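Participant: Letter by letter, the chains look like this.
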Amino acid sequence: MQIKVLYFARIKEAVNYSSEDVDLPETVETITALKHWLAQRGEVWANLFSGKLVVRAAINHTLVDDLATFESGDEVAFFPPVTGG
Amino acid sequence: MQIKVLYFARIKEAVNYSSEDVDLPETVETITALKHWLAQRGEVWANLFSGKLVVRAAINHTLVDDLATFESGDEVAFFPPVTGG
Amino acid sequence: MRLHSFPLLPVVSVVKVQIEDFDVGEVLASVRRDHPQIGAIVSFVGLVRDMNDHQSVTTLTLEHYPEMTEKSLQAIVDQAQQRWDIMDAVVIHRVGTLKPLDQIVLVVISSAHRQAAFSACEFVMDYLKTQAPFWKKETNNESERWVEAKSSDDQAQARWQSTRQ
Amino acid sequence: MRLHSFPLLPVVSVVKVQIEDFDVGEVLASVRRDHPQIGAIVSFVGLVRDMNDHQSVTTLTLEHYPEMTEKSLQAIVDQAQQRWDIMDAVVIHRVGTLKPLDQIVLVVISSAHRQAAFSACEFVMDYLKTQAPFWKKETNNESERWVEAKSSDDQAQARWQSTRQ
Chain A
1 MQIKVLYFAR IKEAVNYSSE DVDLPETVET ITALKHWLAQ RGEVWANLFS
51 GKLVVRAAIN HTLVDDLATF ESGDEVAFFP PVTGG
Chain B
86 MQIKVLYFAR IKEAVNYSSE DVDLPETVET ITALKHWLAQ RGEVWANLFS
136 GKLVVRAAIN HTLVDDLATF ESGDEVAFFP PVTGG
Chain C
171 MRLHSFPLLP VVSVVKVQIE DFDVGEVLAS VRRDHPQIGA IVSFVGLVRD
221 MNDHQSVTTL TLEHYPEMTE KSLQAIVDQA QQRWDIMDAV VIHRVGTLKP
271 LDQIVLVVIS SAHRQAAFSA CEFVMDYLKT QAPFWKKETN NESERWVEAK
321 SSDDQAQARW QSTRQ
Chain D
336 MRLHSFPLLP VVSVVKVQIE DFDVGEVLAS VRRDHPQIGA IVSFVGLVRD
386 MNDHQSVTTL TLEHYPEMTE KSLQAIVDQA QQRWDIMDAV VIHRVGTLKP
436 LDQIVLVVIS SAHRQAAFSA CEFVMDYLKT QAPFWKKETN NESERWVEAK
486 SSDDQAQARW QSTRQ
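Residue numbers (this note's numbering), protein chains in the order written: chain A, 1 to 85; chain B, 86 to 170; chain C, 171 to 335; chain D, 336 to 500.
Be a bit skeptical, because a hint or two may be false.
[Said to hold, decoys possible] In silico DSS-like links for lysine-lysine, alpha-carbon gap of 30 Å or less:
{"#": "1", "chain 1": "C", "residue 1": "Lys-241", "chain 2": "B", "residue 2": "Lys-120"}
{"#": "2", "chain 1": "D", "residue 1": "Lys-351", "chain 2": "D", "residue 2": "Lys-406"}
{"#": "3", "chain 1": "C", "residue 1": "Lys-320", "chain 2": "B", "residue 2": "Lys-120"}
{"#": "4", "chain 1": "A", "residue 1": "Lys-12", "chain 2": "D", "residue 2": "Lys-485"}
{"#": "5", "chain 1": "D", "residue 1": "Lys-351", "chain 2": "A", "residue 2": "Lys-52"}
{"#": "6", "chain 1": "C", "residue 1": "Lys-186", "chain 2": "C", "residue 2": "Lys-307"}
{"#": "7", "chain 1": "B", "residue 1": "Lys-137", "chain 2": "C", "residue 2": "Lys-186"}
{"#": "8", "chain 1": "D", "residue 1": "Lys-434", "chain 2": "A", "residue 2": "Lys-35"}
{"#": "9", "chain 1": "C", "residue 1": "Lys-269", "chain 2": "C", "residue 2": "Lys-186"}
{"#": "10", "chain 1": "C", "residue 1": "Lys-269", "chain 2": "B", "residue 2": "Lys-97"}
{"#": "11", "chain 1": "A", "residue 1": "Lys-52", "chain 2": "D", "residue 2": "Lys-472"}
{"#": "12", "chain 1": "C", "residue 1": "Lys-186", "chain 2": "C", "residue 2": "Lys-241"}
{"#": "13", "chain 1": "C", "residue 1": "Lys-269", "chain 2": "C", "residue 2": "Lys-307"}
By construction, these hints were calculated from the structure, which means they are not laboratory data. Here the structure is a predicted model, which means the values were calculated and not measured.
Given these sequences and hints, build the entire structure.
Facilitator: Shown next as structure tokens:
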């Protein structure tokens with residue numbers, strides 16, 4: 001399935017871009033699975049997404065936990081713990 | 086001993102004046118004793134000071150409880166529970 | 171609780187009892203000015219409502235005990251400044267005759283972090299409500315009455331005696 | 336907790352994310368106006384400090400997730416309005432590059448009684464700090480760094496999950 005993935009703050013700086021459209025294998029439909037899939041792209045990605053860092057996720061602009069599932073056409077965002085206010 | 090006594094709010098309205106100098110017998114030196122002494126002045130005073138109503142007291146501008154003692158020359162104030170803010 | 175990690179600033183506390191109205195924006199600006207250690211400002215404004223205890227209110231008159239009032243407010247602010255790591259504190263309370271929508275009281279607390287400012291501001295209001303010598307009389311077209319003290323205010327104050335937050 | 340003893344007013348909530356500064360006095364005046372049921376207004380202002388985690392701060396840049404930010408703030412305000420008997424709520428959060436002494440965030444809550452307003456205002460700030468998609472980067476003359484999330488903020492938010500006050 002195809003989804004849009006967005007990156008923010010230090011994650012955006014590490015991957016060096018802010019959004020991309022990705023085409024996922026059918027088995028990748030949870031945040032956890034997507035993190036594993038991204039972690040296999042290379043060292044930078046492994047550092048970010050293999051679990052050493054806390055990376056929060058949102059699906060279609062709502063905060064979710066790692067067990068949440070997404071569907072084709074969804075917007076998934078990854079970012080560090082928030083620090084506003 | 087001689088002290089100054091002040092009345093506020095509904096107590097002031099009931100006794101119909103706001104302050105007086107009183108000359109007390111030697112045994113009257115606590116707030117409790119002063120309330121009893123005032124209660125003997127008549128019906129209005131008995132209604133206010135014989136314990137049916139909550140009457141707060143201050144000695145020299147500091148809130149005190151009924152066991153507090155005062156000295157000659159002190160300013161004692163009686164008032165209902167406060168309702169500012 | 172007073173762990174200043176920055177050079178100690180002179181802590182200012184201002185306590186005023188006045189007939190005139192106050193300008194909250196102006197007070198906040200005066201608290202902010204030149205204090206880059208301040209990260210949080212919490213303020214409380216109390217207003218006259220047009221209904222209280224199911225009775226309509228046309229005027230609200232505040233009586234106080236002039237020689238005691240500012241001293242008692244200052245003692246409350248001193249307690250807050252001892253108890254929390256706060257910086258400036260401003261308390262302004264009006265007296266005289268007010269009407270619905272009028273401002274009655276303002277409490278402003280600044281601090282490096284928000285929790286101290288929130289707690290101290292609520293503490294000052296809870297103590298002011300139960301300790302400072304003000305009395306309210308309400309009128310409407312039919313009658314006048316002294317406002318009764320509320321047990322909920324006593325309970326609000328009592329919370330602070332058992333917690334150190 | 337929503338026990339309105341007066342005719343229900345339309346409850347207003349305003350959520351804004353903006354680059355421009357805001358005027359707290361003006362916002363407070365807009366919340367007060369024509370609402371004689373309001374007895375209490377609690378406000379919080381967050382400011383840029385010149386020191387954070389023992390490092391000096393020259394600029395603070397706030398990044399956010401535009402499509403999500405206002406929605407997330409609105410959800411926090413909705414929760415507060417469901418949980419407490421409050422009236423209006425205003426949240427304004429700035430983004431872009433700020434410097435020490437600048438205002439970052441404003442939360443204003445009005446209600447009939449003070450406790451609901453205090454609790455709701457602190458609740459909104461605690462949730463905003465841990466749920467709304469903002470990220471801070473600080474610079475000084477030597478370096479730049481992303482601000483780390485604080486466990487004290489997580490703890491502050493967690494308090495509300497076990498209490499209903």
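Participant: Please go over all the hints and tell whether each is borne out by the structure.
Facilitator: Structure-based check of each hint:
no.	hint	verdict
1	Lys-241(C) x Lys-120(B)	holds, 25 Å
2	Lys-351(D) x Lys-406(D)	holds, 10 Å
3	Lys-320(C) x Lys-120(B)	holds, 24 Å
4	Lys-12(A) x Lys-485(D)	holds, 21 Å
5	Lys-351(D) x Lys-52(A)	violated, 34 Å
6	Lys-186(C) x Lys-307(C)	holds, 21 Å
7	Lys-137(B) x Lys-186(C)	violated, 34 Å
8	Lys-434(D) x Lys-35(A)	violated, 36 Å
9	Lys-269(C) x Lys-186(C)	holds, 20 Å
10	Lys-269(C) x Lys-97(B)	holds, 23 Å
11	Lys-52(A) x Lys-472(D)	holds, 21 Å
12	Lys-186(C) x Lys-241(C)	holds, 10 Å
13	Lys-269(C) x Lys-307(C)	holds, 11 Å
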